[in-house]
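K.L.:
Work out the full structure: start from the sequences and follow the hints.
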Amino acid sequence: MKGLFPTLSLAVAHLGQLTEAKSGSWSGTNNYFLQGMSDSAQDAYIQTLSSYNTKVVRLWVNQASKGCQKGSQIVRDIPQLETTIGQYNKVTLDEIDKLLVKLSDKNIKAIISPHDANSLIGDYRKDAYWARWGSGYFYEEQDAFDAYDARLSYILNYKGTYSGKVWKNWPHAIFSFNLQNEPMTPGPSNCKNGDPAGWACGRATFMRNAGLDSHILISTGGLGGDFSHGCTFLPAVTQCKAIDAISVHRYASVPGKWSANLPSWLTQANGKKVYLEEWGVNSQNYDQKSSFVSEVNDMNSVGLPNMYWQLLPPSSGGCSYNPKDDAGDPFGIYTNSEVNLAGPINSATSSGAAQDWTGIRIEFVVHRKLASVHQHIIPFCFRQRFAKKMNQNLTSQSTDNESGGGGRTILSVNFRNELKRLLRDLDGLPAKRTPIYLDAMGLAKDQLIDLHIFVPSNTTIYTVNVRRLGDAAFSAVGNNEMSLRMLLESTDIPKVRFDIRDIFRVLFHRFNVSVTRFHDIQLMELASRKAGQQKKFLSGLANCFDRDISNEDPDKIRWRNPDDARDAGSTKDWAMRRIGS
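Here full-length UniProt numbering is used: position 357 in the sequence shown is 357, and no number is missing along the way.
Among these hints, one or two may not hold up.
[Unchecked claim] Capping the alpha-carbon separation at 30 Å, the derived lysine-lysine pairs in DSS-like fashion look like this: (1) LYS241 with LYS168; (2) LYS241 with LYS289; (3) LYS106 with LYS168; (4) LYS66 with LYS165; (5) LYS98 with LYS126; (6) LYS70 with LYS126; (7) LYS241 with LYS159; (8) LYS90 with LYS126; (9) LYS98 with LYS159; (10) LYS106 with LYS90; (11) LYS324 with LYS126; (12) LYS324 with LYS168; (13) LYS165 with LYS102; (14) LYS324 with LYS257; (15) LYS168 with LYS126; (16) LYS66 with LYS98; (17) LYS102 with LYS66; (18) LYS98 with LYS192.
No lab work stands behind these hints: they were computed from the structure.
P.N.:
Here's what the structure looks like:
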């Protein structure tokens, strides 16, 4: 019994240690004037991006003026955040906060650039920082650092008028904060000299020490501007502990040879995340219709996340604009153009990423899976006497792996090569008669979206994306000629679940998989009731959990009251979902 009970409870306290070892890539776009557009135009644009499966949109904390911008009608004036240093116009952030709510509702995250280095050039974009320090001293003098840190603090601690969220604590909506948009571009000597005053790492360290949620990245924002300037992978950022991601800005010829360049970038990044934050197809030199597709396909082939400059909303309000006529910015592509945007962008999410973006890349996907796993596999808590009803092999095989205290791992199985790894990992199970624990997502609608398989012997939860893999999820064979169908139908492998009925039915009717040798914990509870106890009704999981586990048990407290348990440093609140009886 010693082995069975911890196997079924899976120690809810360890859920916070779960890590997913593989993630998909992602795609996005930049838009520095979106907050100035009308609500209806914003909604239509965001809906279009969502239909492409866009994951990230980059926004700027900047001003906007009524009129036309890149073909869009700007209907509201938005002031600079600081017209006077140290005095902040809250409405500037309010308008972005409204966008964050809209984007997050469509499962799109934002990168926020807290300031635009182009404001230090001295042209029409100049601001209070330029008036005080110009383009060079801003990156050299301590009083400039202090002023900018104060700005960063105001932004990080801003509580949304529309969201009610403090931005630094809102990873569900905010993917990353840039240090700045293209820092050191106006004064390139600082970049060329290696950032001698430590501006980049100093600002990143300040942001992290200000309490920025660990799931929100600190990214460089394109240090030094375009990649050709030679500053992107400056040691000042790649060796800075507080910086999480290197933002590459590269406007290349076609073909851009992205797949050929990525290995070198990853090497230079020194373990930091790498993503292409700005890139574009020059409409004056290349056919965007064919080039966009070929370039993104090349990026997807190696799992390079990318954000286009810019996917433009359809022209509105009589604002005529043709990117081909824009000598300074000929890269824009209208979302209602003939360019196939949806196909390549959507393909990014089904492409394996070169790096692991788990917990960062659109957390709603990962959270959904964790919640589903948590609902059935993790809280298998019931009377220890149930173990007497289980096959002795089930008990003995479970014992060795439950006392180690190591964190469990979640492996996403989205592609055939990952399915082969799962089959390789499970090779030998029939001989060992090792039990596996099953859960599924989508059963309530008679579908099978994800199949979750927990294997105590290697402390791993595999989430098989059945919706994506289809029949291949069960028919594909590994190097040992074993398939998932054969494992599920094997009479040598015990399968354990709380209420086997739905998963059994869907697997059989939709995939012709006949699960054998299963142990239904719900039925075991019924069979274990003593004489005199009613046996007319089955108990729901919540009832079993409430009745059979002490109210003082920390795992039960975390499960029932995730918000209260959150501060205890255990399970994340988004992973905790209680199940009705």
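K.L.:
Next, verify each hint and record whether it holds.
P.N.:
The hints, checked one at a time:
no. : hint               : in the structure
1   : LYS241 with LYS168 : holds, 19 Å
2   : LYS241 with LYS289 : violated, 41 Å
3   : LYS106 with LYS168 : holds, 20 Å
4   : LYS66 with LYS165  : holds, 28 Å
5   : LYS98 with LYS126  : holds, 26 Å
6   : LYS70 with LYS126  : holds, 20 Å
7   : LYS241 with LYS159 : holds, 27 Å
8   : LYS90 with LYS126  : holds, 20 Å
9   : LYS98 with LYS159  : holds, 12 Å
10  : LYS106 with LYS90  : holds, 25 Å
11  : LYS324 with LYS126 : holds, 27 Å
12  : LYS324 with LYS168 : violated, 39 Å
13  : LYS165 with LYS102 : holds, 14 Å
14  : LYS324 with LYS257 : holds, 23 Å
15  : LYS168 with LYS126 : holds, 27 Å
16  : LYS66 with LYS98   : holds, 18 Å
17  : LYS102 with LYS66  : holds, 22 Å
18  : LYS98 with LYS192  : violated, 38 Å
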